[in-house]
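Heads up: the protein sequence lines correspond to chains A and B, in order.
Under my numbering, the first residue of the first sequence is numbered 37, with each subsequent residue one higher.
Under my numbering, the first residue of the second sequence is numbered -6, with each subsequent residue one higher.
These aren't lab readings, by the way, just hints derived from the structure by calculation.
All values derive from a computational prediction rather than experimental measurement.
Hints should not be assumed to be uniformly reliable.
Stated by the list, open to error - With a straight-line cut-off of 30 Å between C-alpha atoms, the simulated DSS-like cross-links for lysine-lysine are:
#1 LYS160(B) x LYS218(A)
#2 LYS207(B) x LYS85(A)
#3 LYS261(A) x LYS47(B)
#4 LYS82(A) x LYS207(B)
#5 LYS207(B) x LYS165(A)
#6 LYS218(A) x LYS53(A)
#7 LYS160(B) x LYS5(B)
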Amino acid sequence: MTIDASFIVEALREISKVIPLTLFMTITPVLLGIVIGIIVAFARIKQIKIVTSILNFYVSFFRGTPIIMHIMLVYFGLPIVVDVVASTFNLTIQSTSIPILFFVILALTLSAGAYASEIIRSGILSVPKGQLEAAYAIGLTFTQAMRRFILPQAFGQSIPNFTNVFIGFLHATSLAFFLSIKELTGVANIVASVNLKFLESFIAVGLIYWGISVTAEWISHRIEKRVTAYSKGGF
Amino acid sequence: MDNNFDVVLIAKVIPTLLQYLPVTFEILIFSILFGIVLGLVLAILKLLHIPILKHIITIYISYIRGTPILVQLFLVFYGIPALLKLIHIDVTRMDAMYFVIITYTLSNTAAFAEIFRAAILTVDRGQMEAAYSVGLSGTQAFMRIVFPQAIRVAFPNIANTMISSLKDTSLAFSIGVMDMVGRGETLIASTTRAFEIYVALSIVYYVIVIILEKIFTFNERYFNRYMPKELASH
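Just chain B, same shape as in the assembly (with noise of 0.2 Å):
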């Protein structure tokens, strides 16, 4: 193997993983939307103070947050078909996609629990008390009036956990699923060049990233338009 940089094999390369990029975005779709609706159930039933769903709720973040998403991969990979073995079910031959969805919602869940909590919190107490005041319900005055303006405040931070999310994805293939980094390790395999499939790799991964970044600051924009003009510049 001689070692100068082939530039056009990068080049070359880039359309067959893009091939594979619905797979990245199968994933990371599924693990956000399902990451949004479960983080914002833990994060109200965090706030409600139940006893002792409130310290569950509490470990179970912190334990996502405490340890890397390769061994929670790993936890999930192994760990449940040993739990529905025992209720006997066999799923030893279930997609791994399956598996990496569901780590990456179980990831995702504990990162917008505590975005949402943040969020509500920072809502005027008095918001909730005016909604009772003009005769809301409990559930409409949030539905109406507090989770519109939290969730002004955490799209930014919901805006980082999906791209963190995204570069999360590319340790999907370390279970054998065939997304964009699964073919990449093909390809090297085919082409013994890896420095540059990951290079091409990495442009997929940047370019993605940028658009993204894009469409964020765009709706963040979107999310302030009733801001006043100082406050919603930063």
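Isolated chain A (complex conformation) (with noise of 0.2 Å):
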């Protein structure tokens, strides 16, 4: 078998077309995730005392098991809590209707939650505490110093890290496959069964991650250079 070079432009023409698919299920995940992340890094901070510990445990969980874990639970467990739901109280909604995507968007956002939640922690414990103080100093209650002065902080210096979650979790869409989702390496398994060349199409779909990655990491450094602006003579 030699690589067929024509065939991997071939390949790049028929997997691009799935891109929006890849790019939509990493997206919610991870602007969703963000919500949660928001909410949680909240509840701990707070410290509310039975609230913080299960949702410790949630982050530590979705931290500390593989993100295919999350998947598989999720499509093997929600369809047997939606059944028994259902049964008790005789609803219409059957597991089986609900589509695979959606299972693979909910496990990528409460896998992107926990991970998100950890960034906006430290991104909020990095700022100076003398910040939230002076805010008080001025007569701002807690939500607008979070609001107008802690929170834009901890953004700007969370941007690097946000980057990394969306290109992980880019790159987790890739687990869709195992449940025959037509995401990008699921149709480069495709292409590569139906026209014998396993490695040219997976040449193919590399170079297409490859490229999100690479845009992805120049936005988010342009992005990062205007918020962090501000911030240039502070020192």
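Put the complex together from the two separate chains, hints included.
Here it is, written out as structure tokens:
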């Protein structure tokens, strides 16, 4: 078997059709994950007793197990829950009618929430306490101080970490291939099996992932420069 | 298949899964060891600013960081036999384990190269000059003065890479390695109880990660033993 360079181009064309789906599968969990992350991070910083220990477990469990486990647990676990709920309340929802994509996005969202909450927490904790005291001193409330002083600074510092989460979850969408979703890796596998050109297809899909990752890093670098511009002469 | 959640089954399969833990650790340990050695070499080569080599290393690191480990696994699995066929070596019957170790080594090498490069750069230039002034050679100064300080900075990142690498090993089953997940898949086929098996697998991974984290925190304190207290606390 020699490498067929022209097939790589063909595979690139074929596989790149599902870039939008992969991006959707990446961006939705990351954005929802950031929302979960903000809520979780605040609940943990505010130290509400039982809630904090539950959330600590949530974060440590999702950070301590492989993402493929999350996908499989949701995919096999959620239907059990749905069926039990449906039979007790006589609902007409059936677990088989839920699209597989939903399970993947839900699993990735839960996972992203855990990772994002750690980033946000460390971002908030990295802003000196004096900033919050200064905000109180001029008469702002906690919410105001957070929104106007702490969070903008925390987010500025967290941008590289968020980029890593974005790229990490872009790569995690490749796991949806195990549930035979037609995202980049899934389509690459189909193109490979149909034409019996495995190496060429995976070279092509590798190039696509690489391209998206490099673009994401470049964009985040630009945003970071702009957002942290104010902090140049701070010291 | 009734939908009751079978807790007993989880407890029953965990010992079976644990028998395959050595396979997971074998992948992890080999790929980490090779990764650290090769990563250090790449980091030093990159810091030496050798014109073309530097760019090749940068592209290599960028590619590994920019593609999913699953794609890397497939590339190695299909790519290495194709490459070796050009020089008439047939490896199609080679144990999938070798491909997995090669993939994770390549992946960890890129991660460690970046970690070591950043860590070496944090060591003050004056340390090197001081070492020269007391008559050490370049290699001696690096090995005895710069590297021990760099490893202290690098350690938390090395620990994180090890943990994420452990989690990544859960994909080795996709090219046919019989590790914990691979065994789990066969158990699913025989028991038709996918959810319980995945819960058991998650518990095993979670416990291992927690144990590793405890060990790493302990080691981190050891590496920081010469640091002033207020700095060592973070």
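A quick look at each hint next to the structure:
| no. | hint | result |
| --- | --- | --- |
| 1 | LYS160(B) x LYS218(A) | holds (24 Å) |
| 2 | LYS207(B) x LYS85(A) | holds (24 Å) |
| 3 | LYS261(A) x LYS47(B) | holds (26 Å) |
| 4 | LYS82(A) x LYS207(B) | holds (25 Å) |
| 5 | LYS207(B) x LYS165(A) | holds (29 Å) |
| 6 | LYS218(A) x LYS53(A) | holds (10 Å) |
| 7 | LYS160(B) x LYS5(B) | holds (23 Å) |
Figure legend: structure checked against the earlier numbered hints; every hint is met.
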